[in-house]
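Student: The chain contents come next:
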Amino acid sequence: MKKIAYKDTKSISKSMKKQFINFLLAASLCMSSCSGFLEEEPLTQLTEEDIYGSDAKIELLLSGLYTQWRNTRQDRGALIFTLGSDEGKQGSQQVHEVNDQAALDKYNNALSATNSTLAGQWNKRWPIVWSAAKIYKYAGSAELKAEGAFLRAALTYELAMLWGEVPIIDVDQLLQERQPLTDVFKFIIADLEYASANMPETQSDKKFPVRNVAKALLGKVYMSAPVETGLRDYAKAVALFDQVIPQYSLIPNYADLYNASLDQNTSEVIYAFQFVNIYPDNNMVQHHAGSRAVADLDGNTYFGGYDLLLPTEYCFKEKSQGGVWEPGDTRKEASIRYDLTLPDGRVPRLTWTGQTDELDPHIRKFEDIRTQGKQNFWYSGGLIYYLRLSDILLSKAECLNEQGQTAAAVQLVNTTVRSRAFGGTLPPQYAWPAGMSQNDFRTQILDERMRELCFEGWRRIDLIRTGKFVELVKERNVWARTEGTISDFHIRYPIPDSEIKQNEFIDEEDQNPGY
Amino acid sequence: MDFILLRQPLCVPKLLIRALLIPAFLIVLPGKNAVASRNAETISQVRIDLSVTNATVPEIFDLIESKTEYTFVYDDRIIDQDLKISIEKSNARIYDILYEISAKSDLKFKQINEIINVARKSRNEKAKVEIGRDQPQLIRVSGKITSADTNEPLPGVNVIIKGSTSGTITDFDGVYQIDVPENAVLVCSFIGYQKREITVGNQQVINITMEPDITSLNEVIVVGASFKQRDLTGATVNVNEETLRERPVTSINEALQGRAAGVYIQNNPQPGGQTTIKVRGNNSMQYGANPIYVVDGIVMDSDFNMINLDDVASINVLKDASSTALYGSRGANGVIVITTKKGTGGIGRVSYDGWFGVQEFTNESITLGARDMYDLRVDALENSATVGGAYYAQHPGATREDFINNELLGEGKLWIADYEKESYQNNKSYDWIKEVSRAALQQNHNLSFSGGSDKGTYYMSFGYTDQEGLIENSNYQKYSGRINAEQFLKPWMKIGTSTSYTRSEEVLVDDKVFGVARAANPLLPIDDEYLYLAWGNNWDINMENPLKTLTIDRDRLKSRILSTNYLRITPLEGMNIRTAFSVDVVDQEYYDYIPSNIQQAYRDSYRGKAVHNFDHSLNYQWDNSITYDKTANKHVFSGLLSMSVSKDMFKYTNVSARDFPIDDFSYYNLGAAFDKENFTLGSDRRANTLMSFVGRGNYEYDEKYMATVTARYDGSSRFAKGHKWGLFPSVALAWNLANENFMKNAGLFDLAKFRVGYGTVGNQAIPDYSFYSLYNPAYSDGSVYFNSTGLRGTRNLQWESQEQLNIGLDLGFLDNKVQATAEYFHIVNSNLLMRRSLSPLSGYSQAIENIGEMTNNGVELTVNAQIVNKNDFKWDVSFNISADKNEITKLYEDVNAIYSYGGFTGTDIQREGNFFLGESLNTIYMLEFDRIIQEQDMDYVNSLELPGKTLQPGDILPKDQQAEGEDGYGVIDENDRVIIGKKDPKFYGGFSSKFAWRGLSLNAVFTYSSGAKAVSGYYEGLMSGTGYGAAHTDMLNRWTPTNTNTNVPRATYDNSIRFSSGETSWGIQDASFLRLATLTLAYDFPKTLAKKAGMENLRIYTTGNNVFLLSDYKGYDPENGDNYPTARMFVFGINFSF
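So the sequences go chain by chain: C and W. The first sequence begins at 1 in my numbering and counts up one residue at a time. The second sequence begins at 1 in my numbering and counts up one residue at a time.
Take the hints with a grain of salt, since some may be wrong.
Simulated crosslink set (DSBU-like; lysine-lysine; CA at most 30 Å straight-line) [as the list claims (entries may be wrong)]: (1) Lys982/W x Lys501/C; (2) Lys721/W x Lys134/C; (3) Lys959/W x Lys206/C; (4) Lys501/C x Lys994/W; (5) Lys195/W x Lys994/W; (6) Lys959/W x Lys501/C; (7) Lys57/C x Lys721/W; (8) Lys721/W x Lys137/C; (9) Lys885/W x Lys501/C; (10) Lys413/W x Lys317/C; (11) Lys676/W x Lys501/C; (12) Lys501/C x Lys1013/W; (13) Lys374/C x Lys512/W; (14) Lys206/C x Lys317/C; (15) Lys651/W x Lys57/C; (16) Lys676/W x Lys374/C; (17) Lys885/W x Lys57/C.
Hint data in this document are derived by calculation from the structure and do not stem from the laboratory.
All chains should be modelled from the sequences, with the hints used to inform the complete structure.
Tutor: Encoded structure:
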């Protein structure tokens, strides 16, 4: 009879005991080091503590913020605020297809808190404001702090002009409710004053703005602060412009400004958003500004696109036809493409949409000749201007006029911007008369700003600060005119529903009136 | 049963035993009832009358036997046939009679119970009669042990006398012999076979067959330890090998479909596609919503399709806190424990299983053909204000014909393209789907080898799967190999491995092949020359010609090594110390080449683009445990202490290069790319670690009362210091009423187990490093900068916890012919880990936080019944149903809704994915469909304030949710969005039926689901009604002024100024369905016939998968969604072993 073998345990129990102890030892050893075992740190990313812990890293973050700021002008973003203005309107097919976007021109019920096109723009900006505020707070050097202050101010200014009262993002004293515009503008001014005093005077990388950018912007803030804030101050604006103007000069040929094959960082540029033809640094704007009729014929034609934004009739027509242009103004052809014939002679026809405006004049400022025949127009990569000298010259003239110095203002416009527009010599019949009235000047300067700066992103703010918004949009924008619903409250965009729903500090009662 | 008397109760060599089995040497006593009686009287008590004269001894024996219960046992060779004896006695004791015979002969007697053994006296021995009743009698038992499935003898089987330590082992021929006391019970055990207990009774030769144990002694390997399944007090479902074999599919999830209550599976019809699986509905909101898979002890949470289903011995789905407690750190959403096959002892075995199948789309044609499409276009344009409206305004009195001829087909008009006119006139309709799809061939082969001895077992297998995709060119191939081996190095030390290697090779096809083909214009002639396709004259640059898209080379290769290796030592009886080290390595290579001559390349301005992407994931796990089992009388105790650590690491590297001078190299030669500015490089590395300590005790009393208590303490690297650890206890109790005397007497139930479990489980399945606010480097225009990921780190993130209550009842009655399990569960999930979007005014776009609370309640019922169980006819049915309901009971602070934002700018509230207090997690939130506007509704419609819409009769009218007088009445806006319904089914499950008649069996598996709502974006798109896009056949019943009694909106080109089919609940679908998932007809050849072919068993079968589907769902498939149509497969398979 056999016994089951593994019952004999006596002989092995001694060695087992030893092993058992070893096992326990190993287990307890492991336990003692377990706190280390459970530490896993990211190896390919930086934490917030890392980033704000050193100026060197903050500088890399700042560089990222400038890119993010630039990207607010990338793609459709460059054109959204010009929709529903007196210089630009959507193409017919886009109005037909996208109800939510159509509302930006039509000013109908779909222009509401739930309008996601607008919410998208709002959402892009605040995170930049926040990071800029943190840089202002945590950076060691005054220069870096100043750049933080500048960025925060630039974006807050834009937001306040378009949406009205906005929160004030100060890391030390967060005001997350909508703040009175007086406080908001005081805060913007303080930031820009600090930036004007502390930003670097020169930067080798054009992506980084210099002190003059802050000064020029501060000047614009002084002339556009809502009158009721008591902060509008034309004299201060002129003083700032006078510091900036001597350091820049207009280039002779206006059209060269938009020739992407030239170096666009010219003596006239105070600050431009830097783009190239390579993704993700292409501006993609031509894709929205070009003609579908061209695109359908050949996707590698540099003036093709999809008709998101077209010039209004007022903006592309001669004065004689009820438009804005005077004969001989070189800016007309440089700004607007009237001839859609392809370089190889093919003539585009109406596409399947049957929308005739595909063959109407299109915006020319975003064309990038470098892509011709090689790349799709989506790769357009010319610079997009933020502040040019001519804007500052016209702004200064406007301030002079507001201060009663109309003659000086006329003189400034005639001798600089308008002279260059007519090829260097202003024909006398197009020179503004020295005896122009203050009110006339106000009308003329708005047209002049359209001729000089159309589609560069300032038009809505210009209309808002001059109080001409509803009047001129209703008159010149075909969609707004046809719909007939534009009202005074449309001077501001609605606070997005997503903000109201997610932000405990902003409720439905805080919505801009009318929405 | 053999009843054999042996002449010599001596130890004899086995060959001799065989010889003695020859009947010639034996006296068999026919007609005698040989059942032993315990209380037999002795021969000194029994008295008879006996009167014989000159009788032979056997004659006297016969006489006594006829008068008593006694039986004489003797070898007739010892009897002197010539001896004649005369006896004359009345009322005499048998003892005395026998004594007299003994005195007169050379025989002696010994009574053992009813047996009187007759033997020859030794020389000089006096007359002798013994009564052996008072001594314990050892009975010699012998026999042969064979395997039930192969009939081969099993050497090395342990045969032990129950309750003692003595026993023996079978010899090489499977033969044993053992001397046992009366009333002994033999316990036979052998690795890989079910233990058998045999009552010896009066048998002396007992041949025993042993059933192979598919679930390997009911032992389930969990992380770091193993436990016996019968101990379970928790909620589990077991799916065994036999059930798995009934459905020839290649993935575990498909095999589970409809088989397990509380397990909801949605298939993916793509070859090698991953199915989604949920255990007990939704628990976590967003993270770790899927159960984990534990394969032979190693935890894995992805790529489980790479497990070769043919290697799987059993699947256990663990559903409640107590049963998942052993996996606590990752088991919050259920655990699917997969045990692979082990070798069985005995002679080696070779098995082959293979099938071939053909798969086809079943309902791909749900769209309008060319003519109907053309008519729809005409209607849409006529109904458009800007087209028909304008035309009729300019041409008062014009007819429809005028409109068609002058406006639509007029000179220079672009509404209908020339090619469309031609197709229409020639009555042609083009099916682009047919052009890119095919009937796909599938095959699966598996070859396995297994065997073992008393020292160890092995199982080896090789598998091959080749599945063609339903889309041209796509293909999935899988090669796998496995070795599972166990070996006793010493009687107290065992080592084992379970190691597999799998390689899959996929030829992928861009999703747009099918996506564009199904959206293609039936009026557009099929041609592979177009770069992109058109509707009307709109040649759409984003509708790349699917025939050209097919030329993209895209391959994915994956290799996986999954290996668990353990050492187990048994220092004391009942104690096991086990250490196991497991690794799971997955390497994935992904390659892509987009050639230069297709639209994708032209649109993005490159001349060929190649991508290489390498993923590497490594997961290791080290588990150590001590288990102790102790049985004392009716008390059974087992305890476990374990500790485990694991680390999961993931890395990738990718490269993409653009512009190749030629397309010939495909993706192979990156160096041939010349656009050096547009090279992109990427890599990442992330890791997480887990550490756990577990203590568990099981106690059982008299197979009536059972308790399991577990506590685990888990640490995760995904939480910040101070928040890393969580404690998760659980307790489960069970009471088997059937073993109570009062129930036993009633005889109603064979099993009536009542179970209650309560416990907490943790979840930490958030992305790594989520408690940090992180910044990524990015390259732009010559410089590198840092950008926030947008995710705000939450420093105090902690474990999400689930408190789970489970009440279950297991019943078995009618000899266990009917078995039922019912479960109720109530789960409270708190500290839910959730990613929510933030106001951009916070500086970030999102954060992962511990937000809110959710409950989940449900019931599950499973019934298995043998309706007929005759020898040659069997009918088994099984049925399961589950119903669960979840509800969000708390969100953060006083918030009552968290919205999910998406859309083009990420600021539109989505209809799915929002969280509302008091509602299910899976709601659909949107405008409610009110009615199709009729002419008489227009006054009301015109009074409404609409968001930029102009509505006409035949359009969809959303419901104004505010009553007259309420704020918002008369305005259709965001405030009119409501919860339309939920995507959770009211109940779901499966049922199956199996008829077996002799070797033939017919098996059907059904799955069903009821009450779920579904969003079908595809159907909604098909109902846009513009005439410039594919349209569903439902459009034939569209609203027209003469067909007003319909729910289908009118056609119009102006779709953006009305509420489109997807903007209100109009298009929300009922996803209820009943599906015959599998129908299998199989034939098992009779063993004798199989033997002739040299096989142990031989089975052929044919199966239909997805045989039919009943559903009102309008898209492709209520379960699988709309990416691809439902696919049906027919399979022919064979399996055999020898």
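Student: Which hint numbers doesn't this structure obey?
Tutor: 3, 4, 11, 14 and 17
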